[in-house]
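Colleague: Sequence:
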Amino acid sequence: MRLFKSRMRQWAKDERGATAIEYGLIAGLMVLAIIGSLYSFGDANDEIYKTIEENLVGI
1 MRLFKSRMRQ
11 WAKDERGATA
21 IEYGLIAGLM
31 VLAIIGSLYS
41 FGDANDEIYK
51 TIEENLVGI
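For what it's worth, the working numbering labels the leading residue of the sequence shown as 1, then goes sequentially.
For the record, the hints were derived by calculation from the structure and aren't laboratory data.
One or more of the hints may lead you astray.
Pair ranges (Cβ atoms, derived) [as the list claims (entries may be wrong)]:
{"id": "1", "residue 1": "Ile35", "residue 2": "Met8", "range": "36 to 44 Å"}
{"id": "2", "residue 1": "Ile34", "residue 2": "Arg2", "range": "45 to 53 Å"}
{"id": "3", "residue 1": "Glu47", "residue 2": "Arg9", "range": "56 to 64 Å"}
Yeah, the Cβ is synthetic: ideal placement off N, Cα and C, and Gly gets one too.
Between the sequences and the hints, there should be enough to build the whole structure, so can you do that?
Modeller: Right, here's the structure in full:
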């Protein structure tokens, strides 16, 4: 049990992978922001394309 506690303390103090995890989280948040903005932008464009389509059908 003492060995387990010792290993857990060493693992908790180890910061070697922290930077990679932080960059991964930042990249993930950026991807979510991009997807959200594209989704929002797509809805706005959908209305424009529907209006254009309706006007073209009437020609």
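Colleague: Are Ile34 and Arg2 spaced within 45 to 53 Å by their CB atoms?
Modeller: The hint (45 to 53 Å, Cβ to Cβ) holds, given that Ile34 and Arg2 are roughly 49 Å apart.
Colleague: Return holds or violated for the Cβ distance of Glu47 and Arg9 against the range 56 to 64 Å.
Modeller: Given a distance of about 58 Å, which is inside 56 to 64 Å, the answer is holds.
Colleague: Taking the Cβ atom of Ile35 and the Cβ atom of Met8, is their distance within the range 36 to 44 Å?
Modeller: At roughly 37 Å between Cβ atoms, Met8 and Ile35 fall inside 36 to 44 Å, so the hint holds.
In this structure, every one of the numbered hints holds.
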